Amino acid sequence: MTNEATDHNGTTKSTARVPEVDRKLLEILVCPLTKTTLRYDSAAQELISDKARLAYPIRDGIPIMLPDEARELADGE
Amino acid sequence: MSEEKSHQGLVVDQFGAQAHAYLTSEVHARGEDLVQIAGLIARARPARVLDMGCGAGHASFAAAPHAGEVTAFDLSSEMLAVVSQAAAGRGFSNVKTEAGSALDLPFADKSFDAVISRYSAHHWGDIAKGVSEAARVLKPGGVAAFADVIAPVSTVCDTFMQAIEILRDTSHVRDDSRAQWEAHARAAGLTVTGVTEYRLPLDFTSWIGRMRTPPVFVAAIRQLQDSVSSDVRRYFEIRPDGSFTLDMMVMELAKEG
Chain S
1 MTNEATDHNG
11 TTKSTARVPE
21 VDRKLLEILV
31 CPLTKTTLRY
41 DSAAQELISD
51 KARLAYPIRD
61 GIPIMLPDEA
71 RELADGE
Chain L
78 MSEEKSHQGL
88 VVDQFGAQAH
98 AYLTSEVHAR
108 GEDLVQIAGL
118 IARARPARVL
128 DMGCGAGHAS
138 FAAAPHAGEV
148 TAFDLSSEML
158 AVVSQAAAGR
168 GFSNVKTEAG
178 SALDLPFADK
188 SFDAVISRYS
198 AHHWGDIAKG
208 VSEAARVLKP
218 GGVAAFADVI
228 APVSTVCDTF
238 MQAIEILRDT
248 SHVRDDSRAQ
258 WEAHARAAGL
268 TVTGVTEYRL
278 PLDFTSWIGR
288 MRTPPVFVAA
298 IRQLQDSVSS
308 DVRRYFEIRP
318 DGSFTLDMMV
328 MELAKEG
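Here the protein sequences line up with chains S and L, keeping their order. For what it's worth, my numbering labels the leading residue of the first sequence as 1, then goes sequentially. For what it's worth, my numbering labels the leading residue of the second sequence as 78, then goes sequentially.
It should be emphasised that the hints constitute simulated quantities derived from the structure, not laboratory data. Only a predicted model underlies this, so the values are computations on that prediction, with no experimental measurement involved. Every residue gets a Cβ at the ideal spot worked out from N, C-alpha and C, and that includes glycine. A few of these clues could be false.
[Claimed, not checked] Listed next, with one range per pair, are the computed distances between beta-carbon atoms:
| hint | chain 1 | residue 1 | chain 2 | residue 2 | range |
| --- | --- | --- | --- | --- | --- |
| 1 | L | THR236 | S | LEU26 | 42 to 48 Å |
| 2 | S | ARG39 | L | SER304 | 42 to 48 Å |
| 3 | L | ARG263 | S | ALA74 | 41 to 47 Å |
| 4 | S | ARG39 | L | ARG276 | 47 to 53 Å |
| 5 | L | ARG122 | S | GLU27 | 17 to 23 Å |
| 6 | L | LEU87 | S | ARG39 | 28 to 34 Å |
| 7 | S | GLU27 | L | ASP318 | 50 to 56 Å |
Next comes chain S alone, as it looks inside the complex:
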């Protein structure tokens, strides 16, 4: 599993795009409040708990699994 890319100067660095969250980690992640599985929204870089109605942000590839940092889902979302 790698998030690295080699640019034209030959130096290895994190991808210029949003760093990908670790796929294997996603498999075991649950909502800290409800312990239910999460939906991964790769475009928004969010992990969504339908049961808790919260979207946990992924910042720089790091899932922030804190309810205080999560966004409340809007109606119909």
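Dock chain L against chain S, hints included.
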């Protein structure tokens, strides 16, 4: 600054700003306890390890050479940024970071083959809850190691220690005793497979420096150190410059398969 502060907020404020100090701290980067944790992981060869309250990641780095993957888990994103950078610097591509609370782990039941935690539990507010969360995410047959400062058996020494700890760091909650830890393990359904106690000498200047303890609290700690009985002073080996020695413990546990 808000007058009303959550405990989590205190912890994040306290550690985020000082993340690098923990990466380089001798107390945190070295220690026989770290060697013991590495030994446990080397014997277990777990596919997946969780480091609860990883701080600057020293326990994660001790485990990384012997594990498939290590999840370095902490409340503070700033701390995790330091961990990611240090992991890359040491060539550990199997250390992944994730932010969250040890008391509400965002992992499915039976997700990990090993759980480790070092110098974190005294910030948790409810150590029993943290240990039960560790037991929940452990697979049957999995192993765990908790390393932390422990309260002395003597009540007056216990009170003195918690007092100077909270003066030094307002996010301190409590160093539980070995007996309390054993009770937490039993309540969580984990078997204690070994307890090793260590004496941990602390240099006063760097001990308060890591926490940026305000001068008024530093003065209060020194005053307390000078005012307690000679029994307490002897127990903690308090020296003229305020340096002293604490007890710490590594508790090894297993979840029956």
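Starting from the range 41 to 47 Å, see whether the pair ARG263/L and ALA74/S falls in it by beta-carbon distance. holds, 45 Å
Taking the Cβ atom of ARG39/S and the Cβ atom of SER304/L, is their distance within the range 42 to 48 Å? Because 58 Å falls outside the window, the suggested range is violated.
So the hint says 28 to 34 Å: do the beta-carbon atoms of LEU87/L and ARG39/S match that? Given a distance of about 32 Å, which is inside 28 to 34 Å, the answer is holds.
Consistency of beta-carbon spacing, GLU27/S to ARG122/L, with hint 17 to 23 Å: Given range 17 to 23 Å: holds, Cβ gap about 21 Å.
Is 50 to 56 Å a correct range for the gap between the Cβ atoms of GLU27/S and ASP318/L? holds, 51 Å
C-beta pair THR236/L, LEU26/S: status relative to the range 42 to 48 Å that was hinted: The hinted range 42 to 48 Å holds for THR236/L and LEU26/S, with Cβ atoms some 46 Å apart.
The hint says 47 to 53 Å between ARG39/S and ARG276/L; measuring C-beta to C-beta, is that right? holds, 50 Å
The structure fails hint 2 only (numbered hints given earlier).
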